[in-house]
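Protein chains in written order, with the numbering used here: chain U, 1 to 346; chain A, 1 to 346.
Simulated from the structure, these hints should not be mistaken for lab results.
Hints are supplied without guarantee of correctness; some may be wrong.
[Claimed, not checked] Label pairs and their in silico Cβ distance ranges:
1. A:A63 / U:V186: 39 to 45 Å
2. A:R3 / U:S296: 52 to 58 Å
3. U:P191 / A:S275: 54 to 60 Å
Note that the structure is predicted; figures quoted are calculated from it, not measured.
The C-beta atom is built at its ideal place from N, Cα and C for all residues, glycine as well.
There are 2 protein chains.
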Amino acid sequence: MERTELNEFGEFKLIKHLTQNIKLKQKSSLLGVGDDAAVISPDMDKVVVTTDMLLEGVHFNLAYMPLKHLGYKAVAVNLSDVYAMNAEPRQVTVSIGLSNRFSVEAIEELYEGILLCCENYQVDLVGGDTVSSASGLVISVTAIGHAKESDIVYRNGAKEGDLICVSGDLGASFMGLQLLERERAVFEEDPKIQPDLSGKEYIIERQLKPEPRADIVRLLKEKKIVPNAMIDISDGLASELFHIAENSGVGCKIYEDKIPIEPQTDLVADEFKFSPVSAALNGGEDYELLFTIPQSAYEKVKDNTEIKIIGHITAESEGLHLVTRVGEQIPLKAQGWDAFRKKEEE
Amino acid sequence: MERTELNEFGEFKLIKHLTQNIKLKQKSSLLGVGDDAAVISPDMDKVVVTTDMLLEGVHFNLAYMPLKHLGYKAVAVNLSDVYAMNAEPRQVTVSIGLSNRFSVEAIEELYEGILLCCENYQVDLVGGDTVSSASGLVISVTAIGHAKESDIVYRNGAKEGDLICVSGDLGASFMGLQLLERERAVFEEDPKIQPDLSGKEYIIERQLKPEPRADIVRLLKEKKIVPNAMIDISDGLASELFHIAENSGVGCKIYEDKIPIEPQTDLVADEFKFSPVSAALNGGEDYELLFTIPQSAYEKVKDNTEIKIIGHITAESEGLHLVTRVGEQIPLKAQGWDAFRKKEEE
C-alpha cells in the first residue's frame, strides 16, 4: 500500500486533488467547489437545509467502519433528513477534520464513499473544507434540498385518527452494531480469530451503509399522498414518535406485532439475548421514514410491501402506548441514543 | 461560578435549552431549529452556500480565545465568505462537537457569541447539531446567502487593467495572534505576571472578533459597482491574489506603499522584528475584501477611506509582482496559512 503524507500536499492542493474530478449533475448547481461559496439556483420555490456532525469515537469506530462506508454514511444520513421533509436533496457540502495519522490514500477512500453516495442519489458535492485536526476524524455534512412549499412535511402535522406508517424494517442497524462491536472485541483479544459474519450481511450493511428512502418519497408523490407528519428514524422509533407527538400535540398507539423486523434481526437479537422490539424502539440509525397519513389514504398504501402501518394517532391526553402481542398496553419511553449520556455510561 | 454538567442535560434538552429563545428575523427563514431540516424561502433568485470548520488546537486556542469570541468569529468568518460573493447572508447552521470537560454554562457563552454575531448581521440561526466529542471542541458553520444572479461576483472575472482594491487594513489580526501567543507563554511560565495589552486593543480585537465587511458590499451596491472579481482575505493577501490570478487567467502588480497597514500593526510588528508587509501578505485572518474593478469606476471609490487601491491586474504572462518602496519589483509568493504544514513545523 502506498502512503502519501498529508503535509506533502498541503491544504489547497489536497482539496484540489480530491475535488478535481467532480462533475456537477444538477442544473440547480451553478457553481461547486473553488470559490468563496457555492451558487445554487433553486429548482423549486423552497430550499431545505440540514446538517450533521460525525465524530470519531462517538459516532463511528474506524476499527470496524471502513473509511469508504463512513463517507457514504455521512452523506446518507443527511439526505435522509432532507427526504424526511418530503424534499429532494440536490447538493451537499462536506467538511473534514483529520490528523496526520491519515494518509492521502485514506482520505481518497473516504471521498470515494462520499462521492458514491452523491452519485447514487444524484446529489452534487458543491463545497466544504478540509482541515487539520489535532486528534480524531470529524466529518460535518450539510445537505440542501429543494421542494414546493405545498409538498413540505413537518413533524407537527399529525392528526388524531392518522395511520402511523414506517418504511422498510427496524432494529437491524442496531443489532449490526452490536455484532460488529463484539467481533472487534474478540479480534482485539486474539487477532488470529477472523470474524465469521456470513449470514449476517444484511444487518451489517444496515449499520455500515444505510440507504435514505428516496424511493418512499417518490412513491408517495406518485400516489399523490402528502403525509401529515414525517420524520426519519435516526434515534429509534420511540424517540421519533415522541417528536411527532410533542410537535403535533397528539398521542399515539402502536402495535408490537406490526413493527417490521427482519428475521436476521430477530436471530441476532436472540443470540445477544436482546429484545428485537427494543432494538426497533430504541436502537436507532435505521434511517427509515416514519409518517402519518389520513385514513382515507389507506387503500393507496395497504398493499405496498415497503410501507407498514404500525398504529394510529390518538388524542394528546391518551399519551403514547405500545400494545404488546398479548394485548397489554404499556407506555412508550423515549430512550433514544444520546451521545452525552452514552459517554457517561461507558 | 455555577457548573452544570452536560450529561445532566442530554443532547435533545441541551439543544432545546440553547435554541429556545431564538427568534427568526428574516422573512426568508420559514422554519428554524426543531425539525429534520430548516426551510428557507429564497429572497432572490440564487442561493449561495459556504461552510467552514474550526478545530481546537488548530484554528483556536482556548487559553486566549474566550468562548464568546470564538462563537462570534466562527459565524463571522462564514458571513465573510458570503459577502465575498457579493451576496447577503441570511441564515446559518452551527454544529458543535464538545466533550464533557465543557459545562453547560461554557456552551451558553459560546452560543452567546454565535447569536450576537447573528444579531449584528441580521442573520438567523436555523439549524445545527450539538454532539459529544471525545476530545477537543469542534465548530462547523454553514452560511446561506441570497443574491440576484447578476450581482454575484466570482474569483474568475478579473480583467487586465482592473484596479485592485482592498477594504480596511491588513496584517493586524496576525500580529494580534503573535501578541496573544507570547502573552500566553509568559503567563504559563509565571501566572503572576498579568498580560499588559493596553494600547494593543485594536490588533487583538481584529484577531478575536473579526467583522465581515457587510458595509463594503452595501457601499458597492449603493455606488452601483459590481466588481469583476472578489474574494475575502482569510489566508493573507498574497494567497488571495493567487486565487484571483489563477481563476481569472491574469497577473497583477501591487505596490508595497499602498498596502493599508494600521500604525498599531506596524508598532507590534516592529516589537516582534517582523515585517508588517509580510504580515499583510501572508498573515491571514483579516477577513477584509479583495476585489477588482474596471478603471472606469475609479472616481466612485477614490475618496472612500475604507477602500484602498493597491495595484492593478496585468496580463497572465507578466506574473504576480510586488513593487517595493524603493521601486524594486519582486515576485509574489503564496505562503498562505496551511494547517497541515503548520502542524508539521510545530
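| field | Hints that the structure is at odds with (numbers, increasing) | value | The structure conflicts with no hint, since it agrees with every one listed earlier.
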